[in-house]
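Enquirer: Start from the sequences, fold in the hints, and give me the full structure.
Number of protein chains: 2
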Amino acid sequence: MGVTSPLVSETLRSYANVVTDGMARYLPGALGQADLQRYLYDLVADYPRRLGKMMRSSICLATAQAFGARLDIAVPAAVSIELLHNSLLIHDDIEDESDERRGAPTLHKLHGLPLALNAGSALGLTSLSPLLGNGSRLSKRVAVRLLNEITRVGRESAEGQALELGWCRDNRLDLAERDYLELVLKKTCWLATIHPVRAGALIALGVTAELDRFVSFGFFLGAAFQIHDDVLNLVGDHEHYGKELGGDLWEGKRTLIVIELLSRASPSQGRELQRFFAKPRAEKNQAEVDDVLSLLHRHGAIEAARDKALALAGAAQHEFERAFADAPTSRHKDFLSELPTWVFERNS
Amino acid sequence: MGVTSPLVSETLRSYANVVTDGMARYLPGALGQADLQRYLYDLVADYPRRLGKMMRSSICLATAQAFGARLDIAVPAAVSIELLHNSLLIHDDIEDESDERRGAPTLHKLHGLPLALNAGSALGLTSLSPLLGNGSRLSKRVAVRLLNEITRVGRESAEGQALELGWCRDNRLDLAERDYLELVLKKTCWLATIHPVRAGALIALGVTAELDRFVSFGFFLGAAFQIHDDVLNLVGDHEHYGKELGGDLWEGKRTLIVIELLSRASPSQGRELQRFFAKPRAEKNQAEVDDVLSLLHRHGAIEAARDKALALAGAAQHEFERAFADAPTSRHKDFLSELPTWVFERNS
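These protein sequence lines map, in sequence, to chains H and F.
Note that my numbering has the first sequence beginning at 901, numbered continuously upward.
Note that my numbering has the second sequence beginning at 901, numbered continuously upward.
The hints are simulated quantities; they were obtained by calculation from the structure and are not laboratory data.
Treat the hints with care, as some may be off.
Pairs count within a copy or across copies, as identical chains cannot be separated in the list.
As the list claims (entries may be wrong) - With a straight-line Cα cutoff of 25 angstroms, these simulated DMTMM-like cross-link-like pairs (lysine to aspartate or glutamate) come out:
1) Lys953 with Glu910
2) Lys953 with Glu1110
3) Lys1153 with Asp935
4) Lys1233 with Asp1074
Expert: Printed below as a string of structure tokens:
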């Protein structure tokens, strides 16, 4: 793949300001109500304040503008996406027993599981508010359609998360590449890429727009993004990555990298891996994790996964041309067209 | 209080059938996808299939009809309420570390915390679907207003849950009756009584209806309901109650009964109680719980709370006459008018 221009990082930065301001409206304080502030609203506002990449909301804003909508019309949908994303992160971090998020301890590590879970649930329903509020210039028909899209995203995300958690809980190793891709389609792509593109197009083109033409682009882009994320989890730079390195191995996640390894390991290595993955996080130790990491390198599993991610990014570029053919040239369209390359350049 | 006619139990039973059928439409199987069925959809459908009292959805259906709407117009809102309620039960049971729900182990006891949490989150967003679907005959304006009401309910419920969890986590004993009533207003009343009445009236009377007139009735009824529930938790009949008896003491909940006890205990008893409530659930034992239970009886704390609940139910009856003055006589109105008496007759 080539190297992106500064367009992607500049666009992400400028949209981050717009979306952060928009989110702040839905993250109120509880003036004079110290207990509500301390037990709920401080927690609800924490992840949004840690400032993520804003990739999801930026894809929505760029798509809407690429098809002719004004920025301000699309902001509520972008804010809604980012709030829902942060809500699911809180719950995912609990489910995965993750330690770090965006360079700081996870919310349940800071406040205990019960209050963190509750804050995540609160943020989930709050994510609808931008689409329902008086500030939104969306028509009621478009708003209702967007809410329908969000219930779809919620279902897909929950299905993906259920597969990942179930496979870990039951120590399932009977998995192939297609299982991983189905997982990623649901767990990652619907919220991260497919919905943002569909929402942006819906806002610009109205409820008669044909939205399914964007699914393939979103899937290929999101899958490349997730596989690169899995790679960063193993070989990234901790300072930029913001999560503990090797966390996926501690958590027992069935990444494409692990599936590649399982298909290459010798029978005795396979039995060793089965014992490793059968252990709950608390019973694993660093030496065992290091052993698996060195097996991954020895069998070229990381490289193999990276190659597949590159192929997916190529497919995303191809699908982009098809799905956005009738959008005129613009910097919004350019931004979107550079994303399949950008996903490999980021280190966080 | 008097004794209710069979009207309440008969009405609840007949609405239960309607709402159960309605819920089933939003609790799909995953045909041919065994992993999704086993890791998500079996879990999502579990609590709804355990058949609760259906009080919440019945209040909505009765209010809508009392003000002149047809039953079928109100069903989507009633189904939505029951789905949201079940979603919050799953999360609350995790947060409270509860063991039993509706006569069976809680969802996280059956499937582990991660998959149960994920199923609860999925059900939360699913609860919007009845209001958005093609099957609904609600106007878009009413649907959007109902969704706004639901985000309000979600916020109030999360605030109430946050107060309860925070008070437990920090072993707060500096609480008075008004703190408990604020907690119950948020944790219980908005979803259990206030929203169902408001939603029913909104459906029947349209978006110009004045809904705040129903808040007092809902608050008094819901508070009486919750206090009676707290009493059943201590002195109920396990077979009917469906949760472990004394569970609130194991979980350290700040019920009105406990607040009454703290205000009546001697200084040395107060210190004893402080030590008891400071312990996490796993460090408490049955003898300690029995000691607190006998203190509650000795100081008349349960009776005192029951008296307050009776006064609240009386206030609910008074508020009912005011808020429903312009609804003509009907069996729907009669059903609602009997609820303040019914809340004390139920044993589950």
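Enquirer: Are the hints correct? Go through all of them and say.
Expert: Evaluation of the provided hints:
In this assembly of identical chains, the alpha carbons of lysine 953 and glutamate 910 lie at most 25 angstroms apart only when taken from the same copy (12 angstroms versus 55 angstroms across copies). Taking the closest pair of Cα atoms, lysine 953 and glutamate 1110 never come within 25 angstroms of each other, the shortest separation being 28 angstroms inside a single copy and 43 angstroms across copies. For the identical chains of this complex, lysine 1153 and aspartate 935 are inter-copy neighbours only, at 16 angstroms across copies versus 37 angstroms inside a copy, given an alpha-carbon limit of 25 angstroms. Within a single copy, lysine 1233 and aspartate 1074 get their C-alpha atoms no closer than 41 angstroms, and across copies no closer than 58 angstroms, so neither meets the 25 angstroms cut-off.
The structure fails to meet hints 2 and 4 from the earlier list, while all remaining hints are met.
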